[in-house]
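K.L.:
Here's the letter readout for the chains.
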Amino acid sequence: EADIYQTPRYLVIGTGKKITLECSQTMGHDKMYWYQQDPGMELHLIHYSYGVNSTEKGDLSSESTVSRIRTEHFPLTLESARPSHTSQYLCASSGIPGTRYNEQFFGPGTRLTVL
Amino acid sequence: GQQVMQIPQYQHVQEGEDFTTYCNSSTTLSNIQWYKQRPGGHPVFLIQLVKSGEVKKQKRLTFQFGEAKKNSSLHITATQTTDVGTYFCAGGNQFYFGTGTSLTVIP
Numbered sequence: 001e002a003d004i005y006q007t008p009r010y011l012v013i014g015t016g017k018k019i020t021l022e023c024s025q026t027m028g029h030d031k032m033y034w035y036q037q038d039p040g041m042e043l044h045l046i047h048y049s050y051g052v053n054s055t056e057k058g059d060l061s062s063e064s065t066v067s068r069i070r071t072e073h074f075p076l077t078l079e080s081a082r083p084s085h086t087s088q089y090l091c092a093s094s095g096i097p098g099t100r101y102n103e104q105f106f107g108p109g110t111r112l113t114v115l
Numbered sequence: 001g002q003q004v005m006q007i008p009q010y011q012h013v014q015e016g017e018d019f020t021t022y023c024n025s026s027t028t029l030s031n032i033q034w035y036k037q038r039p040g041g042h043p044v045f046l047i048q049l050v051k052s053g054e055v056k057k058q059k060r061l062t063f064q065f066g067e068a069k070k071n072s073s074l075h076i077t078a079t080q081t082t083d084v085g086t087y088f089c090a091g092g093n094q095f096y097f098g099t100g101t102s103l104t105v106i107p
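Chains as they are written, first to last, in our numbering: chain P, 1 to 115; chain R, 1 to 107.
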């Protein structure tokens, strides 16, 4: 089983609140990713990181920010939550440094509901 | 960005029937990965294909990478109820997943 963790697992919050979704991995992976996924639908890339102090935007990044101060930690922040942010957020990591191994390991996800 | 489409979007099969999902890219892919997501779960890595025309098998699952490295397929022989889930391909740099095929197996 992969060692990648997300908290909280479930979150219900009111419109306008600032929230941070946590993601940590203990595998030493250099790459980390955030995806948004509605039930039964495709994964949309929000942000990704190649390593410490590296962050890039994906398709749905305009309303969120990330940071990568430590290799193992990749939090996602929504500055002002809206009902349209209601979804599942999946964090993933890949890439053992110095190898070409790039399978993505996913966390259990955070299911966010914005009222 | 890179476009990776999958067909069909949904597939219902009787248990014991075969199933195939196809992944098509608008650009040449350096490699392709396949993932399975059970209902309520998160995607789990199945396999990676790298070489043109590569074929790999995992028990009842057969994965193929096209000669032009723009398409791939996943074939399941004699489906079982444990095969239920959504199958995603992920092409090239693995940042962009395909649209997924949701498989329902009717007992």
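The set of hints was computed from the structure by calculation and includes no laboratory data.
C-beta: ideal position from N, C-alpha, C; glycine also.
It is possible that some hints are incorrect.
Computed cross-link-like contacts, EDC-like style, restricted to lysine to aspartate or glutamate with a CA-CA straight-line distance of at most 16 Å [what the hints assert, rightly or not]:
#: 1; chain 1: P; residue 1: Lys18; chain 2: P; residue 2: Glu103
#: 2; chain 1: R; residue 1: Lys36; chain 2: P; residue 2: Glu103
#: 3; chain 1: P; residue 1: Lys17; chain 2: P; residue 2: Asp59
#: 4; chain 1: R; residue 1: Lys36; chain 2: R; residue 2: Glu67
#: 5; chain 1: R; residue 1: Lys36; chain 2: P; residue 2: Glu42
Here are the in silico distance ranges between beta carbons for each label pair [unchecked claim]:
#: 6; chain 1: R; residue 1: Pro107; chain 2: P; residue 2: Gly16; range: 44 to 50 Å
#: 7; chain 1: P; residue 1: Glu56; chain 2: R; residue 2: Thr28; range: 38 to 44 Å
#: 8; chain 1: R; residue 1: Glu15; chain 2: P; residue 2: Thr113; range: 47 to 53 Å
Output of the computed footprint for chain P on chain R, the stretches with three or more beta carbons under 8 Å from beta carbons of chain P [as the list claims (entries may be wrong)]:
#: 9; segment: 44-56
#: 10; segment: 76-90
K.L.:
Each hint needs a verdict: does it hold in this structure or not?
P.N.:
Going down the list of hints, with the structure as the test:
{"no.": "1", "hint": "P:Lys18 to P:Glu103", "result": "violated, 32 Å"}
{"no.": "2", "hint": "R:Lys36 to P:Glu103", "result": "holds, 13 Å"}
{"no.": "3", "hint": "P:Lys17 to P:Asp59", "result": "violated, 23 Å"}
{"no.": "4", "hint": "R:Lys36 to R:Glu67", "result": "violated, 24 Å"}
{"no.": "5", "hint": "R:Lys36 to P:Glu42", "result": "holds, 12 Å"}
{"no.": "6", "hint": "R:Pro107 to P:Gly16: 44 to 50 Å", "result": "holds, 47 Å"}
{"no.": "7", "hint": "P:Glu56 to R:Thr28: 38 to 44 Å", "result": "violated, 22 Å"}
{"no.": "8", "hint": "R:Glu15 to P:Thr113: 47 to 53 Å", "result": "violated, 35 Å"}
{"no.": "9", "hint": "44-56", "result": "holds (count 3)"}
{"no.": "10", "hint": "76-90", "result": "holds (count 3)"}
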